[in-house]
Amino acid sequence: MKDERIEQAKNKIRSEIAVIIYVGIAISFAVKTLLFKMNLRECMTEYLILIFFPVYEVIRMNMMKVSIYSVYPKYRHKQLKTFIVFVILFFVVAAVSVFSSTKGSTVNLSQGSIVFLFIFIVLFIGVFFMATKYHQSRAYKYEKEFDDDNGPEE
Amino acid sequence: MKNLKLKSARARLDMSQEQLAEAVGVTRQTIGMIEAGKFNPSLQLCIALCKVLGKTLNDIFWEEES
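Going down the list, the sequences are from chains A and B.
Mapped onto my numbering, the consecutive letters of the first sequence carry residue numbers 1 to 154.
Mapped onto my numbering, the consecutive letters of the second sequence carry residue numbers 1001 to 1066.
Same shape as in the complex, but just chain A (with noise of 0.2 Å):
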């Protein structure tokens, strides 16, 4: 048998790591495409970890059947508020590289670097919430799955 706490220290400490590690990237991908003004093509490896952090997440959590998400309505509009405030942090992100990239001049507007920014806020956006959504479906599944009171589910 392994040392347990041992065992439980190291995942707590591995995972405070890849959350660190993820922070990180984010802030990479943001100085890179907001200050440095680099393209998608650019800045590949951070979009695309980025992007696939929570699709591994969703992936993962499925298979171990765990469900970050309550189906109690209490903590679903806690959980809706939070990402409410994700959407807003992403749209000010966005407006304020528009609006340095394009003070003082009026063609800067189709520049690559914004029109990236877009496209990674709309795809980022979209993975998670059909993360989120994805998510919450499991959740009740699992709810309904281990419930001694409804029988097993087919």
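Note that these hints are calculated values from the structure, not bench results.
Some clues are possibly wrong.
Unchecked claim - With a Cα cut of at most 30 Å, we get these calculated DSS-like pairs of lysine-lysine: (1) A/Lys2 <-> A/Lys81; (2) B/Lys1007 <-> B/Lys1051; (3) A/Lys10 <-> B/Lys1007; (4) A/Lys78 <-> A/Lys144; (5) B/Lys1038 <-> B/Lys1005; (6) B/Lys1002 <-> A/Lys2; (7) A/Lys12 <-> A/Lys2; (8) A/Lys2 <-> B/Lys1038; (9) B/Lys1005 <-> A/Lys65; (10) B/Lys1038 <-> A/Lys10; (11) A/Lys81 <-> A/Lys133; (12) A/Lys144 <-> B/Lys1007; (13) A/Lys2 <-> A/Lys65; (14) A/Lys133 <-> A/Lys144; (15) B/Lys1038 <-> B/Lys1007; (16) B/Lys1038 <-> B/Lys1055; (17) A/Lys37 <-> B/Lys1007; (18) B/Lys1002 <-> A/Lys10; (19) B/Lys1051 <-> B/Lys1005; (20) A/Lys141 <-> A/Lys81; (21) B/Lys1055 <-> B/Lys1007; (22) B/Lys1007 <-> A/Lys2; (23) B/Lys1002 <-> B/Lys1038; (24) A/Lys12 <-> A/Lys133; (25) A/Lys144 <-> B/Lys1055; (26) B/Lys1002 <-> A/Lys12; (27) B/Lys1051 <-> A/Lys78; (28) A/Lys65 <-> A/Lys12; (29) B/Lys1051 <-> B/Lys1002; (30) A/Lys12 <-> B/Lys1038; (31) A/Lys78 <-> B/Lys1002; (32) A/Lys141 <-> A/Lys37; (33) A/Lys37 <-> A/Lys133.
Starting from the known structure of chain A, fit chain B onto it as the hints suggest.
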């Protein structure tokens, strides 16, 4: 909350933390932390500890309401 029942059961068998840890396959520090109430063991580990000490889960881990 300290787990004095575990400590006394171990002492009754004249076992050191090191010996108990070895018997259940964890480190000595983990046993020390369980006794000190700083770590909540899994049910699997609780059962392993009870088997080694010849006690039931009730004997070692149940706390009476005051």
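Against the structure, the hints:
1. A/Lys2 <-> A/Lys81: Roughly 40 Å between the alpha carbons, so the hint for A/Lys2 and A/Lys81 is violated.
2. B/Lys1007 <-> B/Lys1051: Holds, because 15 Å separates the two Cα atoms, which is no more than 30 Å.
3. A/Lys10 <-> B/Lys1007: This hinted pair holds, its Cα atoms lying about 27 Å apart.
4. A/Lys78 <-> A/Lys144: OK: A/Lys78 and A/Lys144 at ~22 Å, within 30 Å.
5. B/Lys1038 <-> B/Lys1005: holds (15 Å)
6. B/Lys1002 <-> A/Lys2: holds (24 Å)
7. A/Lys12 <-> A/Lys2: Cα-Cα ~16 Å, so holds.
8. A/Lys2 <-> B/Lys1038: holds (19 Å)
9. B/Lys1005 <-> A/Lys65: At roughly 36 Å apart (the allowed maximum being 30 Å), A/Lys65 and B/Lys1005 break the hint.
10. B/Lys1038 <-> A/Lys10: holds (17 Å)
11. A/Lys81 <-> A/Lys133: Distance of about 14 Å is within 30 Å: holds.
12. A/Lys144 <-> B/Lys1007: violated (42 Å)
13. A/Lys2 <-> A/Lys65: holds (24 Å)
14. A/Lys133 <-> A/Lys144: holds (17 Å)
15. B/Lys1038 <-> B/Lys1007: At roughly 14 Å apart (the allowed maximum being 30 Å), B/Lys1007 and B/Lys1038 satisfy the hint.
16. B/Lys1038 <-> B/Lys1055: holds (22 Å)
17. A/Lys37 <-> B/Lys1007: Not OK: A/Lys37 and B/Lys1007 at ~64 Å, beyond 30 Å, violated.
18. B/Lys1002 <-> A/Lys10: holds (25 Å)
19. B/Lys1051 <-> B/Lys1005: Since the Cα atoms of B/Lys1051 and B/Lys1005 sit roughly 14 Å apart, the hinted pair holds (cutoff 30 Å).
20. A/Lys141 <-> A/Lys81: Holds - the C-alpha atoms of A/Lys81 and A/Lys141 are around 23 Å apart, at most 30 Å.
21. B/Lys1055 <-> B/Lys1007: holds (12 Å)
22. B/Lys1007 <-> A/Lys2: holds (22 Å)
23. B/Lys1002 <-> B/Lys1038: Between B/Lys1002 and B/Lys1038 the Cα gap is close to 8 Å, so the pair holds against 30 Å.
24. A/Lys12 <-> A/Lys133: Since the Cα atoms of A/Lys12 and A/Lys133 sit roughly 27 Å apart, the hinted pair holds (cutoff 30 Å).
25. A/Lys144 <-> B/Lys1055: violated (37 Å)
26. B/Lys1002 <-> A/Lys12: holds (24 Å)
27. B/Lys1051 <-> A/Lys78: At roughly 44 Å apart (the allowed maximum being 30 Å), A/Lys78 and B/Lys1051 break the hint.
28. A/Lys65 <-> A/Lys12: Holds, at roughly 20 Å.
29. B/Lys1051 <-> B/Lys1002: Holds, at about 20 Å.
30. A/Lys12 <-> B/Lys1038: holds (17 Å)
31. A/Lys78 <-> B/Lys1002: violated (37 Å)
32. A/Lys141 <-> A/Lys37: violated (45 Å)
33. A/Lys37 <-> A/Lys133: At roughly 33 Å apart (the allowed maximum being 30 Å), A/Lys133 and A/Lys37 break the hint.
Consistency with the previously given hints fails for numbers 1, 9, 12, 17, 25, 27, 31, 32 and 33, ordered from lowest to highest.
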